[in-house]
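Those protein sequences? They're chains E and F, same order as listed. This note's numbering numbers the first residue of the first sequence as 197 and each following residue consecutively. This note's numbering numbers the first residue of the second sequence as 197 and each following residue consecutively.
Hints listed in this document are in silico derivations from the structure and should not be mistaken for laboratory results. Among the clues, some could well be false.
Covered stretches of chain E (chain F as the covering partner; in silico rule of three or more C-beta atoms under 8 Å from a C-beta of chain F) [stated by the list, open to error]:
id, region
1, 315-323
2, 480-486
3, 503-512
4, 537-549
Once the Cα atoms are required to be at most 20 Å apart in a straight line, the calculated SDA-like pairs of lysine to any residue come out as [claimed, not checked]:
id, chain 1, residue 1, chain 2, residue 2
5, F, LYS491, E, GLY487
6, E, LYS374, F, ILE377
7, E, LYS374, F, LYS491
8, E, LYS374, F, HIS338
Each residue gets a CB set at the ideal place from its N, CA and C atoms; glycine is no exception.
Protein chains: 2
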Amino acid sequence: IESGEKDLVLRAVGDLHESDSGDLIEALDPDLRPRLVELMGSAFDFTALTQVDDAIREEILDELEPETVAAGVAELDSDDAVYLLEDLTRDEQTEILDKLPAPERVALERSLLYPEESAGRRMQTEFISVAPFWTVGQTIDHMRETDDLPERFYEIYVVDPAHKLIGTVSLDRLLRTKRPISISELVDKNHRSVHATDDQEEVARFFERYDLIAAPVVDDDGRLVGVMTVDDVVDVIEDEADEDLKALGGVRSAEELSDSVLYTARSRFPWLFANMLTAFLSAFVISRFEGSLEKMVALAVLMPIVASMGGNAGTQTMTVAVRALATQELGRSNAWRIIRREVSVGALNGLAFALIMGSCAAFVFSNPGLFVVMALAVITVLTAAGLGGILIPLGLEKLGVDPAVSSGPFVTTITDVVGFFSFLGIATLYFHLG
Amino acid sequence: IESGEKDLVLRAVGDLHESDSGDLIEALDPDLRPRLVELMGSAFDFTALTQVDDAIREEILDELEPETVAAGVAELDSDDAVYLLEDLTRDEQTEILDKLPAPERVALERSLLYPEESAGRRMQTEFISVAPFWTVGQTIDHMRETDDLPERFYEIYVVDPAHKLIGTVSLDRLLRTKRPISISELVDKNHRSVHATDDQEEVARFFERYDLIAAPVVDDDGRLVGVMTVDDVVDVIEDEADEDLKALGGVRSAEELSDSVLYTARSRFPWLFANMLTAFLSAFVISRFEGSLEKMVALAVLMPIVASMGGNAGTQTMTVAVRALATQELGRSNAWRIIRREVSVGALNGLAFALIMGSCAAFVFSNPGLFVVMALAVITVLTAAGLGGILIPLGLEKLGVDPAVSSGPFVTTITDVVGFFSFLGIATLYFHLG
Numbered sequence: 197i198e199s200g201e202k203d204l205v206l207r208a209v210g211d212l213h214e215s216d217s218g219d220l221i222e223a224l225d226p227d228l229r230p231r232l233v234e235l236m237g238s239a240f241d242f243t244a245l246t247q248v249d250d251a252i253r254e255e256i257l258d259e260l261e262p263e264t265v266a267a268g269v270a271e272l273d274s275d276d277a278v279y280l281l282e283d284l285t286r287d288e289q290t291e292i293l294d295k296l297p298a299p300e301r302v303a304l305e306r307s308l309l310y311p312e313e314s315a316g317r318r319m320q321t322e323f324i325s326v327a328p329f330w331t332v333g334q335t336i337d338h339m340r341e342t343d344d345l346p347e348r349f350y351e352i353y354v355v356d357p358a359h360k361l362i363g364t365v366s367l368d369r370l371l372r373t374k375r376p377i378s379i380s381e382l383v384d385k386n387h388r389s390v391h392a393t394d395d396q397e398e399v400a401r402f403f404e405r406y407d408l409i410a411a412p413v414v415d416d417d418g419r420l421v422g423v424m425t426v427d428d429v430v431d432v433i434e435d436e437a438d439e440d441l442k443a444l445g446g447v448r449s450a451e452e453l454s455d456s457v458l459y460t461a462r463s464r465f466p467w468l469f470a471n472m473l474t475a476f477l478s479a480f481v482i483s484r485f486e487g488s489l490e491k492m493v494a495l496a497v498l499m500p501i502v503a504s505m506g507g508n509a510g511t512q513t514m515t516v517a518v519r520a521l522a523t524q525e526l527g528r529s530n531a532w533r534i535i536r537r538e539v540s541v542g543a544l545n546g547l548a549f550a551l552i553m554g555s556c557a558a559f560v561f562s563n564p565g566l567f568v569v570m571a572l573a574v575i576t577v578l579t580a581a582g583l584g585g586i587l588i589p590l591g592l593e594k595l596g597v598d599p600a601v602s603s604g605p606f607v608t609t610i611t612d613v614v615g616f617f618s619f620l621g622i623a624t625l626y627f628h629l630g
Numbered sequence: 197i198e199s200g201e202k203d204l205v206l207r208a209v210g211d212l213h214e215s216d217s218g219d220l221i222e223a224l225d226p227d228l229r230p231r232l233v234e235l236m237g238s239a240f241d242f243t244a245l246t247q248v249d250d251a252i253r254e255e256i257l258d259e260l261e262p263e264t265v266a267a268g269v270a271e272l273d274s275d276d277a278v279y280l281l282e283d284l285t286r287d288e289q290t291e292i293l294d295k296l297p298a299p300e301r302v303a304l305e306r307s308l309l310y311p312e313e314s315a316g317r318r319m320q321t322e323f324i325s326v327a328p329f330w331t332v333g334q335t336i337d338h339m340r341e342t343d344d345l346p347e348r349f350y351e352i353y354v355v356d357p358a359h360k361l362i363g364t365v366s367l368d369r370l371l372r373t374k375r376p377i378s379i380s381e382l383v384d385k386n387h388r389s390v391h392a393t394d395d396q397e398e399v400a401r402f403f404e405r406y407d408l409i410a411a412p413v414v415d416d417d418g419r420l421v422g423v424m425t426v427d428d429v430v431d432v433i434e435d436e437a438d439e440d441l442k443a444l445g446g447v448r449s450a451e452e453l454s455d456s457v458l459y460t461a462r463s464r465f466p467w468l469f470a471n472m473l474t475a476f477l478s479a480f481v482i483s484r485f486e487g488s489l490e491k492m493v494a495l496a497v498l499m500p501i502v503a504s505m506g507g508n509a510g511t512q513t514m515t516v517a518v519r520a521l522a523t524q525e526l527g528r529s530n531a532w533r534i535i536r537r538e539v540s541v542g543a544l545n546g547l548a549f550a551l552i553m554g555s556c557a558a559f560v561f562s563n564p565g566l567f568v569v570m571a572l573a574v575i576t577v578l579t580a581a582g583l584g585g586i587l588i589p590l591g592l593e594k595l596g597v598d599p600a601v602s603s604g605p606f607v608t609t610i611t612d613v614v615g616f617f618s619f620l621g622i623a624t625l626y627f628h629l630g
């Protein structure tokens with residue numbers, strides 16, 4: 197179809213929602229993607245490009261003429277435009293920005309000055325602001341007469357002459373009120389606003405907490421500079437959960453299914469390497485007990501069970517801790533209570549599994565002494581797992597390191613080392629193998 | 197303060213946002229919680245109860261008189277009311293419902309008939325619907341004159357005489373249009389509606405995909421029965437990501453920081469038990485090589501490293517697969533490509549770590565033969581980890597089992613068994629230990 201039949205393509209693609217045309221672009225052969233955009237010309241909605249994988253978007257933008265991109269970007273809401281531009285190099289950005297009309301250019305340049313992942317980057321700079329002395333009727337007439345309104349909006353903003361935010365008026369309040377009433381009577385001064393330099397995760401928590409649909413974004417002087425809307429927040433929440441989940445599994449958050457084999461393998465290498473160092477440490481601990489192992493080979497059979505139980509219990513606690521830190525449910529106020537709880541849970545399950553695993557070990561090897569050794573080791577390692585599983589994420593958070601990314605290898609190190617050391621150590625003492 | 201000083205409490209708590217008063221309730225002593233609600237009487241906003249942990253909510257509702265609860269529930273939006281009622285027993289529900297005015301009662305009873313976690317449970321039954329022949333002016337006047345409007349709304353709905361949904365009109369469109377224009381000219385017939393029996397996760401994906409703020413909910417006959425709003429969807433997305441993350445870490449999704457030690461320990465037991473069986477299987481594999489281990493104790497030192505590398509590589513692949521299945525990025529159309537990719541990534545990293553770990557093993561034990569054994573075992577286990585890490589989640593999904601909950605133990609079993617078996621087996625053959 198991509199052999200140039202513009203009309204056919206337009207009919208097929210023209211009416212699709214941006215998410216659907218995004219999917220279509222991803223499914224196309226890489227060569228055809230920029231050609232589709234060029235073929236459709238001004239009928240192509242660049243919003244679709246915000247819906248495709250980062251790598252694919254960059255590829256397409258690189259292929260297209262700067263003029264084409266500039267024309268497309270000019271049609272976008274400012275938040276989508278920033279999203280498209282922010283991953284490009286400085287030079288590419290300038291090349292495109294220079295081709296935009298002045299007001300759009302200035303707005304985009306200002307947004308791009310805010311830190312990455314801040315509200316300033318995600319906000320829309322199109323919004324409706326009115327003076328407090330306007331009436332409802334004036335406001336409605338203003339909206340009826342102005343062509344250049346934002347595509348969708350849910351609130352209007354009331355500002356003073358210096359453009360400082362006074363408050364918000366939701367559209368439903370506006371609609372329910374008679375025309376002669378002054379806006380100043382409607383304004384919600386308890387409006388919840390966001391600061392342009394706030395991190396997008398903070399903004400997401402804020403939206404979620406107060407069930408917001410939109411929130412005004414203000415600068416250092418309290419001036420209204422933009423609006424954050426809930427659809428951007430939904431994406432942030434999704435991305436954030438995605439990051440934590442992948443980080444806990446040892447995968448970079450940016451990893452995508454479309455990444456190449458070589459790229460994926462290389463990006464997963466560091467986590468495996470960290471784990472290898474951890475495993476070497478365990479091996480070193482085991483090697484200290486070579487004498488005991490030679491005298492009693494049953495220990496070699498049983499020791500991985502102890503370490504693996506510790507690893508899993510540690511992962512349980514760590515998962516809870518990382519998630520609770522991310523959602524801010526775990527903080528200074530309840531840290532001690534949760535530490536006590538996790539250690540108690542570890543000890544309690546330690547006791548349960550001590551009985552089960554001790555009995556099994558003693559029975560299988562017909563050696564009652566193994567009950568004592570196994571039981572003591574299991575209690576030790578599960579308690580240590582509870583303690584390490586909570587203290588390590590808390591400690592990393594305090595050091596300013598993302599606990600989701602880095603907790604895993606440390607927790608495994610503790611549970612493995614404690615597991616092998618306690619089991620082999622207790623066995624060596626109990627059976628006098630030393 | 198809770199010694200009965202109503203005025204003081206009212207002044208302190210009365211104006212808080214529901215999320216803040218929810219936090220306050222959680223921080224209170226359990227005995228004081230229902231007393232606070234009773235003390236505040238009709239000034240207590242029951243919405244706050246939707247913001248506290250499930251266990252705490254049930255406790256409070258159990259303590260309160262059904263009359264108090266009924267009075268509080270009557271004030272709520274229908275979606276919040278359903279949320280409060282749905283975890284109660286049938287009897288408790290009936291007791292409270294019987295005390296409600298008839299229209300509220302019927303609406304709530306109908307919502308409660310829909311399956312758990314469906315759009316019907318989460319929807320709000322308060323909405324504004326108008327006939328297509330109304331004008332913009334009539335509609336605005338209707339809204340100005342009606343007292344019983346939903347607390348917040350973003351769209352109005354156009355229905356035919358049989359209450360079948362014709363389309364939606366967003367408030368901004370309404371505000372921008374002159375009074376004499378007919379609603380039928382404004383209506384967006386491409387409205388995206390949700391079915392009342394749709395699962396909330398599907399609805400969340402749908403909102404996210406099309407950046408919706410609200411969507412009409414229709415029944416089997418296409419009649420408008422309610423509205424889903426984005427604030428509920430944000431909660432669903434958050435819960436869903438939470439579930440997957442916790443499931444991968446071996447923790448029940450409903451686990452909360454306020455759960456007791458005993459309860460938490462018991463709920464984490466099954467996952468640890470499954471892991472124990474897995475570990476026993478590994479131990480059995482090791483026990484088949486007791487002879488080899490006796491002859492060469494270095495193998496006991498090195499074998500946990502191999503198994504642990506496999507476990508971590510398997511977790512990486514599994515994490516990617518589980519997440520991609522949850523977000524529907526991985527499906528029938530690309531499964532083969534992703535399987536090939538994961539196996540290749542595993543083999544490639546296997547090769548890299550074969551060189552590193554083989555060299556280390558040979559050097560530390562001054563035994564060049566260990567290079568060959570270690571290298572072959574590492575390649576085998578990392579390739580198997582890639583294969584198992586993708587095939588198991590795919591297979592579980594096909595069987596209708598949640599891959600996030602159940603993949604872990606299976607993947608670990610595979611990587612452990614393959615790890616120990618390949619390393620000890622290759623060593624036995626290579627060094628003629630059999």
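Each hint, compared with the structure:
no., hint, in the structure
1, 315-323, "violated (count 0)"
2, 480-486, "holds (count 3)"
3, 503-512, "holds (count 7)"
4, 537-549, "holds (count 7)"
5, F:LYS491 / E:GLY487, "13 Å, holds"
6, E:LYS374 / F:ILE377, "19 Å, holds"
7, E:LYS374 / F:LYS491, "94 Å, violated"
8, E:LYS374 / F:HIS338, "11 Å, holds"
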